[in-house]
Each structure stands twice: as structure tokens, then as C-alpha cells.
Amino acid sequence: MLGLWRKIRATGRVAEPAPARPTGDAPVAAKELGGSVQIRHVDAGSCNGCEVEIGAAFGPVCDAERYGARLVASPRHADALLVTGVVTRNMAEPLRRTFEAVPYPKVVVAVGDCARNCGVFAGAYGVVGAVGDVVPVDLEIPGCPPRPEAIVDAVRRLTGR
Amino acid sequence: MNLVLAALWTAVGVGGLSAVAGLLTPGRFRPAAVGVSVTVSGAAALVAGVAAMTGQSAAVVLPDLLPLSGVLFTVDALGGVFLAITGGVAVAVGIYGIGYCRQHGLDGRGVQAVLPLFVTAMVLVPVAGSVGTLLLCWELMALTSLLLVIAEHQGRPAVAQAGRWYAVMTHLGMVAILIGLLVFAANAVDGSFPALREAAGGLSPTVAGLIFVATGIGFGSKAGIVPLHAWLPRAHPEAPSNVSALMSAAMVNLGVYGIIRVGFDLLGGAADGAATWWWLLVLTLGAASAIYGILQAAIGTNLKRLLGYSTTENMGLVLVGVGAAGMFATSGDLPLAGLAMAAALLHLVNHAAFKTLLFQSAGSALAATGRRDLDDLGGLRAGMPGTTAAFGLGALAASALPPGAAFVSEWLLLQALIHGLPTAGTSAAIVMPLAVAAVALTAGLAVATFVKAFGIGFLARPRSPEAARAAESPASMLTGMGLAAAACVGLALLPTLVLPTIGAVAGATVGATDPLQIDGMTIRLVGVAGSLSPLMLTITLVIGLAATLAGVRAQATRRAARAARLWDCGAGPLSARMEYTATSFAEPLQRVFDDVLRAEQDVDVTHHEESSYLVQTIEYRRRVPDRIERRLYEPVLTAMAAWGRAGRRLAPGSVHRYLGYGFYALCGLLILLVVTR
Chain A
1 MLGLWRKIRA TGRVAEPAPA RPTGDAPVAA KELGGSVQIR HVDAGSCNGC EVEIGAAFGP
61 VCDAERYGAR LVASPRHADA LLVTGVVTRN MAEPLRRTFE AVPYPKVVVA VGDCARNCGV
121 FAGAYGVVGA VGDVVPVDLE IPGCPPRPEA IVDAVRRLTG R
Chain B
1001 MNLVLAALWT AVGVGGLSAV AGLLTPGRFR PAAVGVSVTV SGAAALVAGV AAMTGQSAAV
1061 VLPDLLPLSG VLFTVDALGG VFLAITGGVA VAVGIYGIGY CRQHGLDGRG VQAVLPLFVT
1121 AMVLVPVAGS VGTLLLCWEL MALTSLLLVI AEHQGRPAVA QAGRWYAVMT HLGMVAILIG
1181 LLVFAANAVD GSFPALREAA GGLSPTVAGL IFVATGIGFG SKAGIVPLHA WLPRAHPEAP
1241 SNVSALMSAA MVNLGVYGII RVGFDLLGGA ADGAATWWWL LVLTLGAASA IYGILQAAIG
1301 TNLKRLLGYS TTENMGLVLV GVGAAGMFAT SGDLPLAGLA MAAALLHLVN HAAFKTLLFQ
1361 SAGSALAATG RRDLDDLGGL RAGMPGTTAA FGLGALAASA LPPGAAFVSE WLLLQALIHG
1421 LPTAGTSAAI VMPLAVAAVA LTAGLAVATF VKAFGIGFLA RPRSPEAARA AESPASMLTG
1481 MGLAAAACVG LALLPTLVLP TIGAVAGATV GATDPLQIDG MTIRLVGVAG SLSPLMLTIT
1541 LVIGLAATLA GVRAQATRRA ARAARLWDCG AGPLSARMEY TATSFAEPLQ RVFDDVLRAE
1601 QDVDVTHHEE SSYLVQTIEY RRRVPDRIER RLYEPVLTAM AAWGRAGRRL APGSVHRYLG
1661 YGFYALCGLL ILLVVTR
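Protein sequence lines, in the order shown, are assigned to chains A and B. In terms of my numbering, the first sequence opens at residue 1 and continues consecutively. In terms of my numbering, the second sequence opens at residue 1001 and continues consecutively.
Here are some of the chain B residues that sit facing chain A, going by a computed Cβ distance under 10 Å:
1. Ala1564
2. Cys1569
3. Gly1572
Everything labelled a hint here was simulated from the structure, so no lab data went into it. The beta-carbon is built from N, C-alpha and C at its ideal position, and this holds for glycine as well.
Same shape as in the complex, but just chain A (with noise of 0.2 Å):
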């Protein structure tokens, strides 16, 4: 407990300073959430790279939740839905599903290309299609998999912090 005391201390912080706020245009549903946005991730079918990437965004280092975002365990408690992958036989359903549990006002973002045009995956027999064939989507990240930057700013149009 001590030993974790004084890491703690002596690592101080690392988080990098906030870049400029992002300019792109916010989806309409995210100015109704009032700048504090909940989400829940969904992994629809990915590699886990884009996984490793949230995981950097919301570290010590870009820190997401410093511009009022949070990843919270159920779509109940959720304002946002973050999908990676392409959508697989087995997860389209359940994906539909955690879509109509997140309460409105409600925003979904497809986060890397395999969620925006199944990427590589296009075409294989595994495949209902990206995210944008099964529940509506609000906001793309590009990239395979994006940088933690980008998932940041997407961010941060969200919450339009």
C-alpha cells in the first residue's frame, strides 16, 4: 500500500498537455448530452487492435476522461455506444440488441475501418457487414487500427470539450 503511495508520488503526472479543441462537426444527439458523455464499448467482431487503442486513449497519457468521458460497464448507464470490428454473424444480433438498450438521446461510433467498410474482412463468409448495416452510426474514427489521438478527438466532439 505504501509502495503504491509513493509511486504514485514520485511518478507525478504524465498526461500529455490537451491539444486545440477539434473543429469537425459534432454529431446533433451529442450537444443534447450537455459535454458529459458515458459509453459503452462493443466488440462486434474485432482483432483487438482497435481494443489496445481505446485502452492507450482512455491511459494516463491521452486521458480521455479528462474531457468529461467515461466507459462504463452497461449500455443501460450509457450516452454512447464505441463499436469496433466488423459485425459477425454471432455479434449482429446482440449488437442490435445493446443498441436499443443505451436510453436517447443516443450516439453511436464506429471506431477503425474494419467497423466503417469491413476492411480487410470485407467479403468473408463471417461477415453481416459493417457497423453502419446493422445500427445506425453517428461518428467514423479511420485508421487500422486509429491512433489513440484520433479516438480522443472523436471524443472530444462528443463531448464538445
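Guided by the hints, dock chain B onto chain A, whose structure is given.
For chain B alone, coordinates are given in the frame of chain A:
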């Protein structure tokens, strides 16, 4: 002939008649005839008890009934409390038993004849007026209850085992009481209680202490006090539920009665002869029982075993009150002694009411499903609404939260313990804060226990097909539960009706004036600052709850409602296997108290034949052994078994060897005679 005596004779007479009725009436009418007469007998005992509490007393001498000592019955206020409790429990259980015995195949001659005898014996114990009479009634109570415990021994082997434990422990307890009371009687003119009271002043402290400890062991084992509780969590779950209710709500009280009667009345607990250490011992064991009992109940999954452990807990709380009363009385603080005793007696009454209700409703659920493990129950609300409501009410009453019944008595107990701090000596200054902590911890764990028992056992979805098919019990069982439920509600909302009488009895027992003052709906403590109005508290709570609900509802209707699928992690459908179980609910508690409980758990993983990366089955087992039993009883049992095996070597079955034993014994005796002459 006054009212007490008339009612007492009615109770005993009807009890005896219904035993005969149990033997003679044809099978179809038998449960109804016995049930109704047990209820009548109980009602008469209730009347006798209440009349005795309000000041009437009576004595009956039957010199020819028992050789040498005769039989002497005395009804006084203290005995009246226990008489009334036993009678009240019998009223509810008698009606309940009609449906239960019929449904459960317990309408045979044996059980139906013994049941009223058991009730009658329990009625007679608190009115016994001499050592011989008390021992006779006590033994009758022990034997009849033993016969009822093993009523279902043909169906389940566990019943026979429970019966053996109960038989041995109850008779060892009887031996302890016998030793104590005979030593007492040997120092008196005869065995009647007035003679004992007279002799108490002349006893040396050692003899008085010996009498107190010996009788305390016997009575404490009947009350299920740690470490003499081992029979209780076995016998109560294995007995038929109406018998469990009688044992748990009425019989265990008589153990407390014995301790109060011998300690305060016969030995003069408040007088010079008594020592503080007696009551310190009672208080410590009471506190240990309360915590240990409720801990075992909190992690238990067998519904009736859980209720059995809860009985140990509640008797522990009562003995905390009795012990505190004794300590205050010996240090001369009589108002507080009266308050602690009043709290103990009120808790006895409350415990009797809610434990009757809980055992009845648990029995009803068990009869309908055939399952007693909480992890197999659940979802009974739909099929058995009456039983579920009854258990819910009982759980509320048992969990020391307003507006429950136990709240009032535990509040009184805490008041007595807290106000005892500045007055008494060093031992009290150490013990009282610890006792307060023990009572508070017990109250908290009791809430967790009963939330678990009610939530897992009755609400949510059924966890087994039997629970899904459960149908409501017959009207007679519901009536029995309704009576006990009415008593619980009455005691929770209007304890002011019974408290003046109980307060007066408690005050008289410790030799103090009335420790409580009733002011309309408010209970005011005499001598210390403190008052409580249970009815007002309940009304405030109900209003607060209604206002909160109305506020939430108003808030909700401001937004448009949307029908959405129940969240099931996207996979669905939800099944009963996803529910919280009793085991998982208690797991955090088990972790916290692991040093005390020492649960044994193992996980067995079977891998797939073809790959060790694939899991075929996972098996999880958890057992929480009774540690006191393991440490204290098992070594004794092992030693006895070893002793028996060693003795067997002496008897190999050879006639020559036995003749040799006789020959050598005779020679040895002759040599001894020659040498000693």
C-alpha cells in the same frame, strides 16, 4: 378457584384429552381434532399466563401423584410470561398443524398423540413449584420433543442422526440440571421452591456457584447457547415444521426461564450470595452465541437450518439482557437491571412471535416444493402469495429494523447496555461496550441474513421445477400463519400494550420498581433518558416512503416512457441460473469473517480428453463446518470411539475368556478382602 387456576387446568385437561383423541379418533378427523384441541389448550394457557402476569397467583399441591416428593405447581408472574408465550405459540401452531400434518403424512396415531403431550409438558414446566416437579415436566418435555423430532426418520437418514444428537445432548443437559438442583435441595428442608429460597442465603459461594453453573449448563444447552448448541441446528431443521416452530419459539425459551428462575429467584441473584462472575459468564456466552449464531445463519443455505441458527442468535441476545440485568442488580443499579430484564423478556415474546411465523411459512414452502436448500427455491411469490407475505413479514420482524418487532426489544437492550457504562465497576466498563458492539453487529448481520432468506428463497425466479410448480398451502396453515403474523404486527406497532405488564414482571424479578413508563404511544425509560414511540416511527416511515415513491413516480411521468427489452447482456434469454444464489449472496460475508468461519471450498476442473485447453466441467463445492463443533465435540467423540474399540478387545466372544474374567475377579476380590482385614 381463581382464573389462573381454572385456565391452567383447562389447558392441561384439554391437552391430555387431545392426546387421547390423537390415539382414538379415526384417521380422517385426527389432525383436525388434535389441532383444534391444541389450539384450545394453548389459548387457555395464554389466558392463565396473562392472568398470572397481571398479579394473580395460585398453587396446587398433589402429594400423591409422585411418590416421596409429591407434585407442586405454583403460578407466579415470571412463570406467567413463559406460560403465555407457550400458549400463544401453541394457538398458532395447533391450527397450522391441521393442514401440515395431513399434507405431510404426519397424521399417524403416534405423532398426533405425542404433539399435545409436548405442548402440555411445556405448559407445566414454568409452573412447576418444586425440584421433583420441574425435573419430571422437563423430562416429559425432552422425551416428547425427541419423539416428534424423529417423526420422519423413515424418509431421511439425517433425521435419525439429528435425533441421536438431540437425545444425547438433551439428556446430558438433564443430568447437569439434576446435579445442580439436587445439590441445592440437599441444602434445603425439601425440594419445594420456597424451601430453596430460604436455604439460598446459607449457601457458601462455592456451592451457590456450582449450582448456578451446573443448572446453567443444562438450561443453556436447551436454549441452544454456544458451545452447547450443536443439537439445535440439526434437530430444528429435521423436525416437522410445526414441531420446529414449537421447539424454536417455545421450548428454547424454557432454558432461559430456568436460568432466570434459578439465578434470580431461587439463588437470589440480586442478593449478597450471588457473584458478578455468574452474570458476566451469562452475558459473555450470550454475546458469543448471538454473533456465532447469526454468522452461521448468514452464510447458511438450508432454510430451516438458517432459522435454527437464528434461534441461537436470539437466545444469545436474550441472555445478554439477562446477564446485564444480573450485573446491574449485583452492583445495585436496580432501574437499569429492570430495564435490561424487560428488554430480555420482550425479546423472548417477539422472538416467539416471529420465529413461529418464520418456521410456519418455511414449512409451508418446504411442504409445497420438497426442497429446503435456498439455492433450489425462489419464485414462490407467484404460486404462494400468502406464504411469501408471511415469510416477508417474519423476516422484517426478525431483522431489528423499524418497523419490525425485534427493533423495539433490541433498542431497549442497547439503551440498558449503553447507560450501564458510567455506573458499574471495572468489569462492566470493559464488558458493556463490547456487548453493545456485539448486539449491533448481530443486528446488522441479521438484516443481511433475512434479506437473503426472503430475497433468494421467495422472490426472483424459481430455481427448480418443484419451486415453479409450488401451490399455496391449505387454509388452516394460512390461518396459523395469519395469527402469528398478527402477533408480529401487534408487537411491532403497539408494544405499549404488553410492555407495562412485562416491565412490571421484569422489575419484580430483579427486585426493582417498574423500569418503563408508558405514555400513550410512547415508551419512556425510568431512571435514564430515553423514549421511543414505535407507532409514530412506523407512521413517519410509511409517510416518508410514500412521499419518496410519489416523487419518483411524478418524476418518471414527466418523460415519455419507452418499452425496452430487459437487459440480458445482449445474448438472452435470462434464466434462473443467472440469479444471485444464497451462496453467492453470502460470499462477501464469508470472506470478511473467514478467520472465524474457515469455509472449506474446492474447485475441480475436468479437461476435455483431446485438449487440456478445453474445459469439460467445473465443479465447485463449499462447506462451512461448525468450528466449535469440530474443535470441541469431535475430539470427544473420537476419544469415545477409540475407548469403545479398545474395550472391544476385552470381549472377543470366547466363553472361556469370560469365565476366566469371573474367576480372576472373584480371586482378586477375595485377596483384597484378606489384605484389607
